[in-house]
Amino acid sequence: MDEGQTPFSTYRTEVRSEWLDYNGHMHDSSYAIVLSDAHEELFAALGLSVDYRATAEASFYTVECHIRYLAECLLGQVLTASSIVVAANASTMWLYTELLHEDGRRAATGEFFYLHVDTALGATTAMPADRCERVQDMLAAHAGLPRPAHLGLGVGAARTGSGDA
Amino acid sequence: MTEARVCAPLRLHHATVLSAWVDYNRHMSEWCYLLAFGDNADAFFRYIGIDERYRREGHSLYTVETHLHHRREVGEGESLSMTLRVLDHDDKRVHVFHEMFVGDSDVLLATAEQMLVHVDSRAGRSAPMPRDLLRRLKAIHRAHDELAVPEAVGRPMRISRA
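If you read the sequences in order, they're chains A and B.
For the first sequence, this note's numbering puts the final residue at 165, and the numbers step up evenly by one.
For the second sequence, this note's numbering puts the final residue at 1162, and the numbers step up evenly by one.
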């Protein structure tokens, strides 16, 4: 299979002690850290790394994030991420990521909506043309991948049976 | 809590943006919004009677879903105040909505919509809430039902092309 037809899935981590709550489970907020770290790898693959952002005086501002917690994560467990670019234009990116346990069970899903911001102006700004092209290439490469039924639905969608949780 | 006076919305938690919470721009990091909303949820749990003892006895409320909207950045040392309202519930689930403001102002920083599920932690599955907990929730829901539904509730994520 062409590598471009699979989700972006380079990220791998082990659950760290500082991510746990008082019960020894990964804290709600730590899922956001892991999902953001996974998205950093995707940004870097598109030439939009932290270094690019520092040089360009740009940043990614998260407008929205929607996390579904599906399984507990314990100290030392290995987590991997599988991401698709759901939609994007010159200044916005919508990513969907599944956080997976080693046995393939989903630990969480996350939808993040990012704005590319000029930090000096404090306003949304277009990414450079070569970066836009790479974003659009990944968007096109992911276009044929199956979309989960709960994508783009609000909180509680799964309880009505329209989700796939 | 006394059922006669349920604040609508509830205002149970304040916080200050700690130096450990800010990124290199001195703005609060994204994951800390979830941390602060989590603390607000904990304050709500204590308010309805879910405390350490309740947890030790084998039941708790777990977050199954969170939808966060960021409105504004906030810097180190700023004070935060939180509201929480109960949008809906049944015998196992509670649907809540949090708002985070700068200090006592009406400057909205972020909102979080959450679905919580009551679980039997030993059995590892959802379980109905006990009657007195449900009674308290019902009273809160009744008081909060009169509030206007926030615009962010139930709104799916999408790119606006307006």
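One or more of the hints may lead you astray.
As the list claims (entries may be wrong) - Label pairs and their computed distance ranges (CB to CB):
hint, chain 1, residue 1, chain 2, residue 2, range
1, B, 1062, A, 75, 37 to 47 Å
2, B, 1007, A, 102, 43 to 53 Å
3, B, 1072, A, 49, 44 to 54 Å
4, B, 1104, A, 18, 31 to 41 Å
5, A, 17, B, 1072, 24 to 34 Å
Simulated from the structure, these hints should not be mistaken for lab results.
Even for Gly, the Cβ is constructed at its ideal location relative to N, Cα and C.
These are the hints, each one checked on the structure:
A C-beta distance of roughly 18 Å is found between residue 1062 of chain B and residue 75 of chain A, which places it outside the suggested range of 37 to 47 Å. For the hinted restraint 43 to 53 Å between residue 1007 of chain B and residue 102 of chain A, the CB-CB distance of approximately 46 Å keeps it satisfied. Separation of residue 1072 of chain B from residue 49 of chain A is about 26 Å and departs from the stated range, judged on CB atoms against 44 to 54 Å. Checked against the given bound of 31 to 41 Å, the beta carbons of residue 1104 of chain B and residue 18 of chain A, roughly 32 Å apart, stay inside it.
At roughly 32 Å, the beta carbons of residue 17 of chain A and residue 1072 of chain B sit within the given window of 24 to 34 Å.
Checked against the numbered hints listed earlier, the structure breaks hints 1, 3; every other hint is satisfied.
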